[in-house]
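Peer 1: Please arrange chain B on chain A, whose structure you already have, making use of the hints.
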Amino acid sequence: MSKTETLNHCHVMEERGWLFHSEDSISTEEEYLYLLYALIYCLKPFKVLETGTCYGIGTAYICRALQKNGFGHVFSLEIEPQLVKKGWAQLELDGLEEWADIICTDSMEYLANTGEQFDFAFFDSLLPLRTKELKICLERKLLKSGTIFAMHDTSRLRTITPGSPDPQTPIHWKKFEAIEGIRWIEFPLSRGLTLGQVI
Amino acid sequence: MTKKRISSDIKFWAGKFPGVDSGATKTSNLEEIHRNDWVDDLGQDDFDQLMIIMNPCGITTDIYGRRVKPDGRWKACLRPKR
Chain A
1 MSKTETLNHC HVMEERGWLF HSEDSISTEE EYLYLLYALI YCLKPFKVLE
51 TGTCYGIGTA YICRALQKNG FGHVFSLEIE PQLVKKGWAQ LELDGLEEWA
101 DIICTDSMEY LANTGEQFDF AFFDSLLPLR TKELKICLER KLLKSGTIFA
151 MHDTSRLRTI TPGSPDPQTP IHWKKFEAIE GIRWIEFPLS RGLTLGQVI
Chain B
1 MTKKRISSDI KFWAGKFPGV DSGATKTSNL EEIHRNDWVD DLGQDDFDQL
51 MIIMNPCGIT TDIYGRRVKP DGRWKACLRP KR
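Residue numbers (our numbering), protein chains in the order written: chain A, 1 to 199; chain B, 1 to 82.
If you are wondering where the hints come from, they were derived from the structure by calculation, not from laboratory data.
Hints are supplied without guarantee of correctness; some may be wrong.
Partial pick of chain A residues on the chain B-facing surface, computed with a CB cut under 8 Å [to be verified]:
1. 37
2. 60
3. 61
4. 64
5. 93
6. 94
7. 104
Taking CB as the label site, the calculated pair distances span [stated by the list, open to error]:
8. 164/A <-> 56/B: 33 to 39 Å
9. 56/B <-> 135/A: 16 to 22 Å
10. 56/B <-> 46/A: 22 to 28 Å
11. 56/B <-> 136/A: 32 to 38 Å
A virtual CB, placed ideally from N, CA and C, is assigned to each residue, including glycine.
Chain A on its own, in the form it takes in the complex (with noise of 0.2 Å):
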């Protein structure tokens, strides 16, 4: 069951966490889980690039919005191990291992060399590393035009110990909105998602 956000994760009143759900300080909160449910469910991409695949939970609902679909995959990229038995443990739990592949990988150099393109695309790896990804996404032409992204933990109000604003927030909005091709809408609340389309 999720607690309210702000068990999990510091924030500042603007962001009213308080307000919302999550599991854990690293899993994506409730609320930012069912956007990326619907937007699965809307947008019935075939091909799903997920990077940070943490404890599978927004890799199970991805994969549930695709069963409900009726098709279509998610390469699900994780770097450590011991997280990607837990991802695997997480979708057997709902018997959704069938929509997924979880690979065990550097993110960065997955996306240097695959020959997939993918029609959405959900950034959840370290913070640092997300606009790098995209970057590489648009460069290698793995998300054509038109297609949505969702990246989370973009708050620009972000705080890793209370009241400390994360020294790591103004360095990824300066690298994310130096790419062109790109325009985005941003959803400031708890630990912020920015929605993404490529021009």
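Peer 2: Positioned in the frame of chain A, the structure of chain B alone reads:
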């Protein structure tokens, strides 16, 4: 062993099943499941019934086990493995 999946439409609440307290106000469908492996995986062979709570996206959020004998009480919440 009978296992039940309980999710949307049926609302139950703390107090209806002794031993189920917080988190027992979620809703879902009632349908039979035949997933013995879940029971074994969780190490809960001694439970007679499992109650699996799924959220509106169909993701399992909580699992409760019930021992029909000797007193029919619901045991404490069994969390999905993480």
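Peer 1: Take the hints in turn and mark each one as holding or not.
Peer 2: How the hints compare with the structure:
no.: 1; hint: 37; in the structure: 5 Å, holds
no.: 2; hint: 60; in the structure: 5 Å, holds
no.: 3; hint: 61; in the structure: 6 Å, holds
no.: 4; hint: 64; in the structure: 5 Å, holds
no.: 5; hint: 93; in the structure: 5 Å, holds
no.: 6; hint: 94; in the structure: 5 Å, holds
no.: 7; hint: 104; in the structure: 18 Å, violated
no.: 8; hint: 164/A <-> 56/B: 33 to 39 Å; in the structure: 36 Å, holds
no.: 9; hint: 56/B <-> 135/A: 16 to 22 Å; in the structure: 35 Å, violated
no.: 10; hint: 56/B <-> 46/A: 22 to 28 Å; in the structure: 25 Å, holds
no.: 11; hint: 56/B <-> 136/A: 32 to 38 Å; in the structure: 35 Å, holds
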